[in-house]
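A.B. asks: Line by line, the protein sequences are chains A and B.
In terms of the numbering used here, the first sequence is residues 1 to 178.
In terms of the numbering used here, the second sequence is residues 1001 to 1649.
The set of hints was computed from the structure by calculation and includes no laboratory data.
Predicted model only: the values in this text are computed from it and were never measured.
Misleading hints may appear alongside valid ones.
Stated by the list, open to error - Calculated Cβ distances over 12 Å to all of chain B for the following chain A residues:
| hint | residue |
| --- | --- |
| 1 | Ala2 |
| 2 | Ala15 |
| 3 | Val24 |
| 4 | Val35 |
| 5 | Asp84 |
| 6 | Met94 |
| 7 | Tyr108 |
| 8 | Ile109 |
| 9 | Gly117 |
| 10 | Lys118 |
| 11 | Glu130 |
| 12 | Val135 |
| 13 | Asn136 |
| 14 | Arg166 |
| 15 | Leu170 |
| 16 | Arg176 |
Unchecked claim - Chain B residues, not near chain A, derived (Cβ > 12 Å throughout):
| hint | residue |
| --- | --- |
| 17 | Ser1109 |
| 18 | Asp1124 |
| 19 | Arg1127 |
| 20 | Tyr1130 |
| 21 | Pro1133 |
| 22 | Leu1469 |
| 23 | Asn1495 |
| 24 | Glu1502 |
| 25 | Lys1508 |
| 26 | Asp1574 |
| 27 | Gly1648 |
Stated by the list, open to error - Below, computed lysine-lysine pairings styled on DSBU-like, alpha-carbon distance capped at 35 Å:
| hint | chain 1 | residue 1 | chain 2 | residue 2 |
| --- | --- | --- | --- | --- |
| 28 | B | Lys1557 | B | Lys1456 |
| 29 | B | Lys1244 | A | Lys156 |
| 30 | A | Lys70 | A | Lys46 |
| 31 | B | Lys1485 | A | Lys70 |
| 32 | B | Lys1086 | A | Lys156 |
| 33 | B | Lys1511 | B | Lys1301 |
| 34 | B | Lys1511 | A | Lys100 |
| 35 | A | Lys5 | A | Lys118 |
| 36 | B | Lys1212 | A | Lys77 |
| 37 | B | Lys1521 | B | Lys1287 |
| 38 | B | Lys1485 | A | Lys140 |
| 39 | B | Lys1458 | A | Lys156 |
| 40 | B | Lys1511 | B | Lys1485 |
Ideal placement from N, C-alpha and C gives every residue a C-beta, glycine not left out.
Single-letter residue listing:
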Amino acid sequence: MAKVKLATSWLDACAGCEMSLLDVDEFIIDLAQAVEFTRSPITDIKEFPEVDVGLITGAIGMNEHEEEAKELRAKCKILIVLGDCACFGGICAMRNAFPKEEVLRRAYIECESVKDGKIPSSPEIPVLLEKALPVNAVVKVDCFVPGCPPRAGDIKYALSELLQGRIPVLPSEMMRFD
Amino acid sequence: MSDRKEITLTINGNQVKGKEGDTILEVCRANNIYVPTLCFLEGLSTVGACRLCVVEIDGERRINPSCTYPAREGLVIRTHTPNLEKYRRLILELMFTERNHFCFFCAASGDCELQAQAYRYQMDHARYPYTFPSLPTDTLNDFLVIDHNRCILCGRCVRVCGEVVGNHTLDFSRRGWRTLIVADLNQSLGQSSCISCGACLQACPTGAIFSKVSAYRGRTSEGKVIRSMCSLCGIGCETDVLVKDNNVVRIDGANLTGLKGQLCLMGRFQQVYSETPRVTTPLIRNKKGNLEPASWEDASKLVSEKIRDYKASRGVGSIGGFASSLCPSETLDAFAKFMRNTVGTSYIDTLDGSSYRAMAQGISVFSKNGKGLEIESPLEAILDADCVLVVSSNPLESHPVAGCYILRAKTRKKASIIVVDSRPNTFGFRADVWLRPNGGSEEALLGALEGLIAKKAKDTEKSMRFVSLAKAVEATGLDKDAIRKAAAMLSTAKNAVVVYGEGILDKKDPKLVARVLDLAKLANHDGLKVISLKPRGNSRGAWELGIANQNGMAKAKPKMVYVLMGDDKFEMGDWATPVDQAEFLVVQASYRSPLTDCADVVLPSPIWAERKGKYVSLDGKVGHSQKLLEPPSGIKDDVEIIAKLAMGI
């Protein structure tokens, strides 16, 4: 049976969802047998190929994230997002209560561990968006797995369903926002 | 009150019965038909704010909230069509996108009704753009935090504060999506009329209002909830206590919107945990004069020896004992039997004994027929009053739930409130008439009120000598019209209730107590309705055991004194002198204090949560509190300690 082609991406994220994914323990072997990993944060592939499933963690915090999400959306048939940040904005959205300038000033100048800080502003680096957004604010998303992070069991359930050709919605007992 | 007519409705295809006057939601609940709600809380008025409870009703063009729609005979209703479920999901998405509902760091996560509904509706994303508003968090109150980011404007806090607590501190401000819950005229909750009872906390379905003492210390699912009772002030609120890992995490009222269930800052927050150092082992004062840890054997042996010595050399009258009325009846009974039967002394008293003697003698002077505390009314009598006279007491401070009952009478029954107190008393701000007589002139004032009431009623019976208005004005320094106004209120009232407290009891004047009772009788045609707010949770239990009956101890000056403090907090009182003059002092207490510091033997006592107990409320109702925690190792139960001491004699 042909392997399911998968591309993953982490955006405005902490990698906690990836850690939780690794917690599926021996199921990772089943995954490895059923799935062909293409571009991901840890594989050295520069462009997204055409894939069956795209997986995104993290919120849309910078313009680069928006571009990458749109790119992956165009290249995949089914887009799944993991974690509160991707589903709702999550931890990344906590900065949304403050104006962007204040956030940058706090991080790069006022922060207690910063000496002689300067807000970076090179054309080579991404631009912080006014507000961090959930992924579905910029692209259509097919499957959501909330949680901070989602538990390994939730991720295993969602991926198993996808591998069997179904697009899951997590049952209430598996749903969690923390 | 006539029974309401039974009606029949069709809900989801089934015939169900309800009562005329019910809402559709009430009929559903009575028939175990689940309808999702958020702004509904049993016992509060309904407002239809959240719209989660919408139902389809034949003949209605639109869907309607079932919590406000009156049920009628013959209505045909559907509670769970795909359309209704779709709208409920939309409502939740609108709520989540309106404000900042970050579950991942919220103290209420796992115990949040909004979150539970979102899980129920499998809300894994929202289709609306998030607004991400910038909203404040108010942390100034000692116990309560209001985080407006989590508020869904259900209004349960506003309604419970207004309808149940009667304080009406909380209300809505502004409009639309800018609406904010405010305290008073937009003060911080910590600088407002808030009495920190925490009813709003318990009513809040989300983490918008959370408590500093309980946050992050455990979810309900992680611990065990035990039904118990608060034993602090004598009202006897029923509690549901969440216990986790041998800690009290949270104390809720078992019956928040009903009676004796709303709790107060003392019962809900201050006794969750204490940072006062505990007495953890028995202590004996050594030859150098310092207290040092000792074994239970050595400590109890020493106490028993000393009792035998004093008995033999100075007689049984050289031994006296005090017990705190915070102790449960089992402990007090064991104490009384030990002192009277085993030791053989009659010199026992409670720490609040002088209050009892003033009251008991006052009742005796007034009633002249051997009656006692049974002349008092149940606390609920306040709720039916149309006039409440509060004498020398600030109920909101000493017995907050009683104070709230008075405010509830004012809100629901338009009761008038009169406060008489020569001391500074902020409850006066709630009163329609606030009289501040000169210190010591209370009797004159009460006598004048009696005189005016009797004159109005053309009452010629003179059960006590009345005081003329002129004399009262001179003694009290009050304006005569103010006194007249108070008397008029009492005269026109059909159901006046008198509440008095520590300001009267501390005067130790039975005649003053009798005067209060006489005024109460005169003011109410149906017989006197009086409630005394007693000092401690089991004051009535202790007094009914007869422990405070005699007062020979001040004169007898016992040389050996045994003080059973339990987990009471140290306060100077009438018992200070006998204790001060004792040669040998034994203190049984939970906490270190100036009293334990000057004792010769200290015996560690469990705290309220570490023992079961029977208590008699201030209005005579028996209740039981449960053992919730294991005490630290080495601490014995009070009854066990007393038995051990008795064995050695």
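A.B. asks: Now, for every hint given, state plainly whether the structure supports it.
C.D. replies: Now for the hints, and whether the structure bears them out:
{"no.": "1", "hint": "Ala2", "in the structure": "holds, 29 Å"}
{"no.": "2", "hint": "Ala15", "in the structure": "holds, 15 Å"}
{"no.": "3", "hint": "Val24", "in the structure": "holds, 19 Å"}
{"no.": "4", "hint": "Val35", "in the structure": "holds, 22 Å"}
{"no.": "5", "hint": "Asp84", "in the structure": "violated, 6 Å"}
{"no.": "6", "hint": "Met94", "in the structure": "violated, 6 Å"}
{"no.": "7", "hint": "Tyr108", "in the structure": "holds, 21 Å"}
{"no.": "8", "hint": "Ile109", "in the structure": "holds, 21 Å"}
{"no.": "9", "hint": "Gly117", "in the structure": "holds, 24 Å"}
{"no.": "10", "hint": "Lys118", "in the structure": "holds, 26 Å"}
{"no.": "11", "hint": "Glu130", "in the structure": "violated, 10 Å"}
{"no.": "12", "hint": "Val135", "in the structure": "violated, 9 Å"}
{"no.": "13", "hint": "Asn136", "in the structure": "violated, 5 Å"}
{"no.": "14", "hint": "Arg166", "in the structure": "holds, 15 Å"}
{"no.": "15", "hint": "Leu170", "in the structure": "violated, 6 Å"}
{"no.": "16", "hint": "Arg176", "in the structure": "violated, 7 Å"}
{"no.": "17", "hint": "Ser1109", "in the structure": "violated, 4 Å"}
{"no.": "18", "hint": "Asp1124", "in the structure": "violated, 4 Å"}
{"no.": "19", "hint": "Arg1127", "in the structure": "violated, 8 Å"}
{"no.": "20", "hint": "Tyr1130", "in the structure": "violated, 6 Å"}
{"no.": "21", "hint": "Pro1133", "in the structure": "violated, 7 Å"}
{"no.": "22", "hint": "Leu1469", "in the structure": "holds, 63 Å"}
{"no.": "23", "hint": "Asn1495", "in the structure": "holds, 51 Å"}
{"no.": "24", "hint": "Glu1502", "in the structure": "holds, 47 Å"}
{"no.": "25", "hint": "Lys1508", "in the structure": "holds, 57 Å"}
{"no.": "26", "hint": "Asp1574", "in the structure": "holds, 54 Å"}
{"no.": "27", "hint": "Gly1648", "in the structure": "holds, 56 Å"}
{"no.": "28", "hint": "Lys1557(B) / Lys1456(B)", "in the structure": "violated, 51 Å"}
{"no.": "29", "hint": "Lys1244(B) / Lys156(A)", "in the structure": "holds, 31 Å"}
{"no.": "30", "hint": "Lys70(A) / Lys46(A)", "in the structure": "holds, 16 Å"}
{"no.": "31", "hint": "Lys1485(B) / Lys70(A)", "in the structure": "violated, 77 Å"}
{"no.": "32", "hint": "Lys1086(B) / Lys156(A)", "in the structure": "holds, 28 Å"}
{"no.": "33", "hint": "Lys1511(B) / Lys1301(B)", "in the structure": "violated, 46 Å"}
{"no.": "34", "hint": "Lys1511(B) / Lys100(A)", "in the structure": "violated, 73 Å"}
{"no.": "35", "hint": "Lys5(A) / Lys118(A)", "in the structure": "violated, 42 Å"}
{"no.": "36", "hint": "Lys1212(B) / Lys77(A)", "in the structure": "violated, 48 Å"}
{"no.": "37", "hint": "Lys1521(B) / Lys1287(B)", "in the structure": "violated, 60 Å"}
{"no.": "38", "hint": "Lys1485(B) / Lys140(A)", "in the structure": "violated, 72 Å"}
{"no.": "39", "hint": "Lys1458(B) / Lys156(A)", "in the structure": "violated, 86 Å"}
{"no.": "40", "hint": "Lys1511(B) / Lys1485(B)", "in the structure": "holds, 25 Å"}
Taken one by one, the earlier hints fail for this structure at numbers 5, 6, 11, 12, 13, 15, 16, 17, 18, 19, 20, 21, 28, 31, 33, 34, 35, 36, 37, 38 and 39, listed in ascending order.
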